[in-house]
Amino acid sequence: MESTKVLDAKGMACPMPIVKTKKSIQELNSGEVLEVHATDKGAKSDIAAWVKSGGHELLQDSEEDGVLKFWIKKA
Amino acid sequence: MSVKTITTNEIAKKVVNNEETTILDVRNTDEFDDWKIEGGKVDVINEPYFNLLDGIEDVEDKLGKDQEIIVVCAKGGSSQMVAEMFDEAGFTDVYSLEGGMKAWSEHLEPTKIADLTSGGSLYQFVRLGKGCLSYFIESDGEAAIVDANRMIGNYERFAEDKGVQIKHLIDTHLHADHISGGRGLAEKVGGTYNLPPKDATEVTFDYIPLEEGNDLVVGNTTVKVQPLYSPGHTIGSTSLIIDNQYLLTGDILFVKSIGRPDLAGKAEDWVGDLRNTLYKRYKELSDDLIVLPAHFSFSSELGEGGQVSARLGDLYEKNSGLQVEDEEKFRSMVTDNLPPQPNAYEEIRKTNMGKVTPDNEEQRDMEIGPNRCAVHG
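Protein chains in written order, with the numbering used here: chain Z, 1 to 75; chain D, 1001 to 1377.
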């Protein structure tokens, strides 16, 4: 999937994946897509919940070899 | 900068001593709704940490600046960040729970149930975070442990403190909600591992069959542990009568609910066994037996000092799962009303059978969340 920017949050523990994701989203324009890579298992439900509360859209997510990937479209 | 931290041990004391405790749980709301710290006079507020990144205004007003506030998250990272924000905002008595809910899930609180008439004592280990109950029977320098949790170091230290040798590890059934510590501890201390044979058809290790007639003895003064076949939660589920006074019901009968028959995928097959055990086998026993279950579901089931117990005769009057005279109604109650299964229950069963051996961190993750072994009538 196409993304405007990729954030590597692998190896980071909660709350850092969300803190970094939030910062990266702020640097994007509305409609652009941020791709996030994380290894903290808690990121899965937290990113989904954060995206919802911020009004953004989680386009897709995947899990491969322990790496969680998210594609978030900025509101 | 650093904030003050609090341990699971300190929170457990507050819960069982009914101290007023205010918790700010900053996990996401789905996780909070699923499972949280409860009991005693605990007051919990939920506000996910990601809603607080721009400031704590939304929750600030709900809390007093000099009030003790314990911030809790999944593993202890986010709670530390949020506690620091509160500290900077002028709150003076803020703590972060070390290790978060993951550590809370593993805390065991030992509490003495009684001195036994034949000598020795009976202790209940309350796993407050997950609702699991295990039992430690000691007499004459020996001990038996029933339904031991994965955190076996707790029992080893307890045995050492009491100066007793652990001889027998007993599981009332093959557990689906938590990983048994029985087999591992038996290997470590050179004790026996006892399991009902009907639950052990697929296990990959040697064990001693826990069956009626095979009484176990703890210490020379013979604290008798008598198995009583009581199927229904699993086909092998076996209760234990201790010292002719205490009935360890495993996951068959709880204080406010009854066991669910479906965690091995056989609700329809086992509901009849469950009915028979609860409405016939147990009824033939003395009303004065004290029921000691393997779980609790609600913090209201915690009695004085955190104990969970009830007189069998009282449960026949009050427990809603024991008041259903009509067999068809009972059948639909336990097969139609089933709550979601415990987290990772199939993997947990395989681990307890010895078929898979996840590493320690995976085992901790598998056990996250409530036990969910009961069905509420």
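There may be inaccurate statements among the hints.
[As the list claims (entries may be wrong)] With the C-beta cut set under 7 Å, the calculated list includes, among others, these residues of chain D facing chain Z:
# : residue
1 : F1050
2 : I1056
3 : G1077
4 : S1078
[What the hints assert, rightly or not] Subject to a maximum C-alpha distance of 25 Å in a straight line, what follows is the list of computed DSS-like cross-link-like pairs (lysine-lysine):
#  : chain 1 : residue 1 : chain 2 : residue 2
5  : Z       : K69       : Z       : K22
6  : D       : K1036     : Z       : K52
7  : D       : K1036     : Z       : K44
8  : Z       : K22       : D       : K1075
9  : D       : K1266     : D       : K1329
10 : D       : K1075     : Z       : K52
[Unchecked claim] Some, not all, of what chain Z presents toward chain D, calculated at C-beta under 7 Å:
#  : residue
11 : L7
12 : G11
13 : K22
14 : S45
15 : D46
16 : A49
17 : W50
18 : G66
19 : W71
20 : A75
These are calculated hints, taken from the structure and not from any lab test.
Yeah, the Cβ is synthetic: ideal placement off N, Cα and C, and Gly gets one too.
Hints, verified against the model:
Hint on F1050 of chain D holds. Least Cβ distance to chain Z is approximately 4 Å, under the 7 Å limit. Among the interface hints, the one on I1056 of chain D is violated; its C-beta lies about 14 Å from the nearest C-beta in chain Z, farther than the 7 Å criterion. For G1077 of chain D, the interface hint holds, the least distance from its beta-carbon to any beta-carbon of chain Z being 5 Å, beneath 7 Å. For S1078 of chain D, the interface hint holds, the least distance from its beta-carbon to any beta-carbon of chain Z being 4 Å, beneath 7 Å.
Simply put, K69 of chain Z and K22 of chain Z have alpha-carbon atoms about 15 Å apart, close enough for the 25 Å limit, and the pair holds. Between K1036 of chain D and K52 of chain Z, the direct Cα distance comes to roughly 22 Å. Compliance with the 25 Å bound is thereby established for this hinted pair. For the proposed pair K1036 of chain D and K44 of chain Z, the alpha carbon gap of about 19 Å is at most 25 Å, so the pair holds. Restraint check: the Cα-Cα separation between K22 of chain Z and K1075 of chain D comes to about 20 Å, which is no more than 25 Å; the hinted pair holds.
In summary, the hint linking K1266 of chain D to K1329 of chain D is supported, as the alpha carbons are separated by about 18 Å, within the 25 Å threshold. Proposed proximity of K1075 of chain D and K52 of chain Z is supported: the alpha carbons are some 22 Å apart, at most 25 Å. Annotation: L7 of chain Z was flagged as interfacial toward chain D, and the flag is violated, the nearest CB pair being 15 Å apart, outside 7 Å. Interface restraint check: G11 of chain Z against chain D, minimum CB-CB distance 13 Å, threshold 7 Å, status violated.
At about 6 Å, the closest approach between the beta carbon of K22 of chain Z and any beta carbon in chain D falls short of 7 Å, and the interface hint on this residue holds. Given the 7 Å rule on beta carbons, the hint for S45 of chain Z holds: about 6 Å separates it from the nearest Cβ of chain D. About 5 Å separates the beta-carbon of D46 of chain Z from the nearest beta-carbon of chain D, less than 7 Å, and the hint is met. For A49 of chain Z, the suggested interface contact is upheld, since its CB lies about 4 Å from the closest CB of chain D, less than 7 Å.
This hint holds: W50 of chain Z has a C-beta 4 Å from the nearest C-beta of chain D, less than the 7 Å allowed. At its closest, the beta carbon of G66 of chain Z sits 11 Å from a beta carbon of chain D; the interface hint therefore is violated under the 7 Å criterion. Taken as an interface hint, W71 of chain Z does not check out: its beta carbon lies about 18 Å from the nearest beta carbon of chain D, beyond 7 Å. For A75 of chain Z, the suggested interface contact is broken, since its CB lies about 15 Å from the closest CB of chain D, more than 7 Å.
Hint compliance for this structure: hints 2, 11, 12, 18, 19, 20 are broken, all remaining hints hold.
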